[in-house]
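Number of protein chains: 2
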Amino acid sequence: MSAKITLGHGSGGRLTQRLIEDVFMPHLKSAALDEADDAARVSLGSGQLVATTDAFTVRPLFFPGGDIGKLAVCGTVNDLVVCGAVPKCLTAAFIIEEGFETDTLALIAENFARECRNARVEVVAADTKVVERGKGDGVFITVAGIGSLQAGADLGTGRIAEGDAVIVSGDIGDHGAAILLARGELNIQADIASDCASLHDLVLPLLAQFPGAVRFMRDATRGGAATVLNEIASKSGHRVLLEEERIPVKPQVEGLCEMLGLSPWYLANEGTIVLIVDKQAAPAVLRRLRSHQLGRNAAVIGEILEAAQAPAGVYLQTPSRGRRILDALVSDQLPRIC
Amino acid sequence: MSAKITLGHGSGGRLTQRLIEDVFMPHLKSAALDEADDAARVSLGSGQLVATTDAFTVRPLFFPGGDIGKLAVCGTVNDLVVCGAVPKCLTAAFIIEEGFETDTLALIAENFARECRNARVEVVAADTKVVERGKGDGVFITVAGIGSLQAGADLGTGRIAEGDAVIVSGDIGDHGAAILLARGELNIQADIASDCASLHDLVLPLLAQFPGAVRFMRDATRGGAATVLNEIASKSGHRVLLEEERIPVKPQVEGLCEMLGLSPWYLANEGTIVLIVDKQAAPAVLRRLRSHQLGRNAAVIGEILEAAQAPAGVYLQTPSRGRRILDALVSDQLPRIC
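These protein sequence lines are chains A and B, in that order. Read in the working numbering, the first sequence has 283 at position 283, and its numbers run on one by one without any break. Read in the working numbering, the second sequence has 216 at position 216, and its numbers run on one by one without any break.
Hints are supplied without guarantee of correctness; some may be wrong.
When chains are identical, the list treats them as one kind, so a pair holds in a single copy or across two.
[Claimed, not checked] In silico SDA-like cross-links for lysine to any residue, where the CA-CA straight-line distance does not exceed 25 angstroms: (1) Lys135 x Ala182; (2) Lys4 x Val86; (3) Lys4 x Gln150; (4) Lys29 x Leu107; (5) Lys135 x Arg59; (6) Lys135 x Arg14; (7) Lys4 x Thr102; (8) Lys29 x Asn111; (9) Lys4 x Gln293; (10) Lys29 x Gly156.
Hints were generated in silico from the structure; no laboratory data involved.
Work the whole structure out from these sequences, hints included.
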C-alpha cells in the first residue's frame with residue numbers, strides 16, 4: 001500500500017481491492033461486508049432485505065446512452081438484481097460544485113427520476129451539499145438501494161459447479177468505450193453508446209422461470225468482464241475457461257480497443273452482466289435472455305472447470321487454440337467511468 | 001432560482017430549500033420525500049423501516065470533538081433516532097481525492113467504525129471512488145442509514161399542540177463554532193469542541209418511558225436551532241415562543257459569536273436536538289434528559305402557541321421584554337460544516 005491514494009485505487013481492479021482490504025476492512029469488517037458482494041443481505045424484522053451503495057463520479061456527466069443521473073439509478077438497480085433482489089427504494093445524495101449550472105442539475109435530476117420510474121423504485125430520502133469551486137467536479141451522486149430478496153433466489157459463488165455455463169448478457173465494453181470517446185481527448189469519431197440500462201426486467205424473471213439454474217450473477221462494471229470473472233474464479237476456487245471467439249464485442253468497440261491498445265475485457269459495462277448457469281438450463285436461459293431487448297446479444301462464452309489440472313483463474317482459449325491467463329485489472333485503463 | 005449553484009445553496013437554509021423545491025422535487029416527488037423529514041418511513045415486507053441519507057463534506061476533516069468519520073455516523077444515527085427509529089445498518093461511500101494520505105484515510109475509517117460500534121449499527125455495504133487531484137477535497141463520505149421504527153414512536157409536526165414545551169437537549173452552536181475555529185483562519189484561540197455524538201441512548205428510551213409525550217424531534221444541524229424551529233412553526237402552523245435567557249449557550253461560543261457578529265441560533269449542532277414535548281410531561285422528560293451525560297445541559301426554552309394573534313413563526317422574547325422574529329437561515333453563515 002502506497003502512502004498516498006492514486007487514481008488506480010479507484011479502478012475497481014487489484015489496487016481497489018487492496019485499498020479496501022488494507023484500509024477499510026480492518027475497521028469495517030462485518031458479516032455482510034465480508035461477503036464483498038455488490039450488495040449485502042440484511043435481516044430486519046421478518047423480511048430479508050438487500051442493501052447496496054455506490055458513489056457516481058463519472059466524467060463527463062453526459063455521454064451517448066446516458067448521463068450521471070440515469071447511470072446512478074441503473075448502477076444501483078443492477079447491483080440489487082444480480083443479488084436476486086427486487087429493487088424497492090433508493091436514497092440519493094448530491095455533492096454539487098459551486099458555480100454548477102442549475103439547469104444542468106435539473107436535467108440530471110429529471111433523468112435520475114425517469115430511470116427511477118422505469119425501474120419502479122421510489123426515492124425515499126435525499127440530501128444536497130455544495131462544495132467550493134475547485135473542490136468538486138460538477139456533481140457527484142451517491143445512491144443507496146434497498147431491495148427485497150425475490151423468493152427462490154439462491155445465488156452465490158459457493159453454488160458454482162464444474163460444467164456450469166458462463167454467459168454474458170450482451171456486448172462487452174460499450175460503456176467504457178463510450179466514456180472514453182465522450183471525453184473528446186482522442187479526436188476519434190465512432191458510433192458507440194453506453195449500454196447503461198436497468199436490468200430488473202431482464203434478470204429477475206429468470207430466477208422465477210429457472211429456479212436454481214442461475215448460480216451467480218454480477219454486473220461487469222469497473223474492471224470489466226475480466227475482473228468479475230477473476231472474482232468468480234477466485235471465490236469459487238474454480239477455473240473459468242472462455243472462448244475468445246464467442247465473446248460479443250461490437251466491431252467499433254473492438255476497433256477502438258485495437259487502436260488504443262486496450263482490451264474490451266477490462267472496459268466497464270453498465271447494462272451487461274455475467275451469469276453462471278447450470279449447463280442443462282443454459283440453452284433455455286440464453287433464449288430467454290435473447291428474447292429481451294436488453295439481452296438480444298447474450299452469449300455463452302465459456303464454462304466452469306475444476307481447478308485440478310491448473311490453478312483457479314480465468315483462461316482464455318484463443319482462435320489459434322492457444323490458451324492464456326486473463327488476469328484481473330490491476331490499475332485502471334480509465335478513471336471515473338462510473 | 002439563480003442560474004448557478006452558490007455555496008448558499010448548501011447552507012441548509014432557505015436557499016437550500018428553494019434548490020430542493022425548484023430543482024429536485026418536481027422530478028423526485030414521492031410520498032416519502034414530500035414529508036421532507038430527515039428520514040422517511042418505508043414499508044417493506046411486514047416491517048416499518050426508516051431510511052435516511054447524508055453526504056458529509058465537512059472542512060477541515062478533523063476538528064476538536066470529532067472528524068468526518070465519526071460525524072458521518074453520528075449525523076446518520078441522529079437522523080434516524082429523531083424519527084423514532086432504532087438504527088440498524090449503514091451503507092458508506094467514500095469519494096477520495098487523488099494524493100490523499102492513506103494513513104489519514106485509515107484513521108477516518110477507524111473513527112467511522114468506532115462510532116458504528118458505539119451506536120450499534122452495522123456497515124452492510126460500502127464503496128470507494130477516487131477523483132483526480134483538484135476535483136475533490138480530501139474525502140467526502142456519503143452514508144445511508146436504515147432503522148426500524150420503535151414501537152410506540154408516534155412523532156410528527158401534526159401532533160404538536162398549543163402549550164407544548166420546546167426543549168433543547170444541550171448547549172447550542174458548539175459544532176459550528178468548533179468548525180469555524182478549526183479552520184484556523186481567524187487567529188482566535190478558544191476552548192470549543194464539537195458536540196458531535198450519536199444520541200440513540202439519550203433519545204430512544206424517552207419514547208418508551210413517556211409514550212405519546214414527545215410530539216416531534218429534530219437534530220439541529222445545518223441552519224442551527226433557529227432553522228429547525230422555523231420548520232416546526234411552518235409545518236405545524238403554530239407560533240414558537242422562545243425565551244432568550246433560557247437558551248443554553250457556552251460562554252466561549254457566545255463570546256465568539258459576539259466577536260464575529262454571528263448568532264448561536266444559526267450555528268450547526270451535531271449532538272443537540274430540539275424536542276417538542278407535552279407540557280405535563282416536560283419536567284419529567286427534562287429530568288430524564290439531564291440524567292444522561294449527553295443531555296446534561298438540556299433546557300426548556302419556550303412553548304408552542306396558537307397562531308391566532310400573530311402568524312405562525314418563531315418569536316424570541318428578549319430579557320428586556322422585547323419580542324422579535326427569529327427567522328430561518330437564508331444563506332449560510334458557514335459553508336461545509338457537515
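Here is what the structure says about each hint:
1. Lys135 x Ala182: both (23 angstroms within a copy, 18 angstroms between copies)
2. Lys4 x Val86: neither (39 angstroms within a copy, 37 angstroms between copies)
3. Lys4 x Gln150: neither (42 angstroms within a copy, 43 angstroms between copies)
4. Lys29 x Leu107: between (38 angstroms within a copy, 15 angstroms between copies)
5. Lys135 x Arg59: both (15 angstroms within a copy, 11 angstroms between copies)
6. Lys135 x Arg14: Classified as between: cross-chain Cα gap 23 angstroms, same-chain 27 angstroms, threshold 25 angstroms.
7. Lys4 x Thr102: between (34 angstroms within a copy, 5 angstroms between copies)
8. Lys29 x Asn111: Cα proximity of lysine 29 and asparagine 111: across copies only (13 angstroms, versus 35 angstroms in one copy).
9. Lys4 x Gln293: neither (44 angstroms within a copy, 39 angstroms between copies)
10. Lys29 x Gly156: within (20 angstroms within a copy, 36 angstroms between copies)
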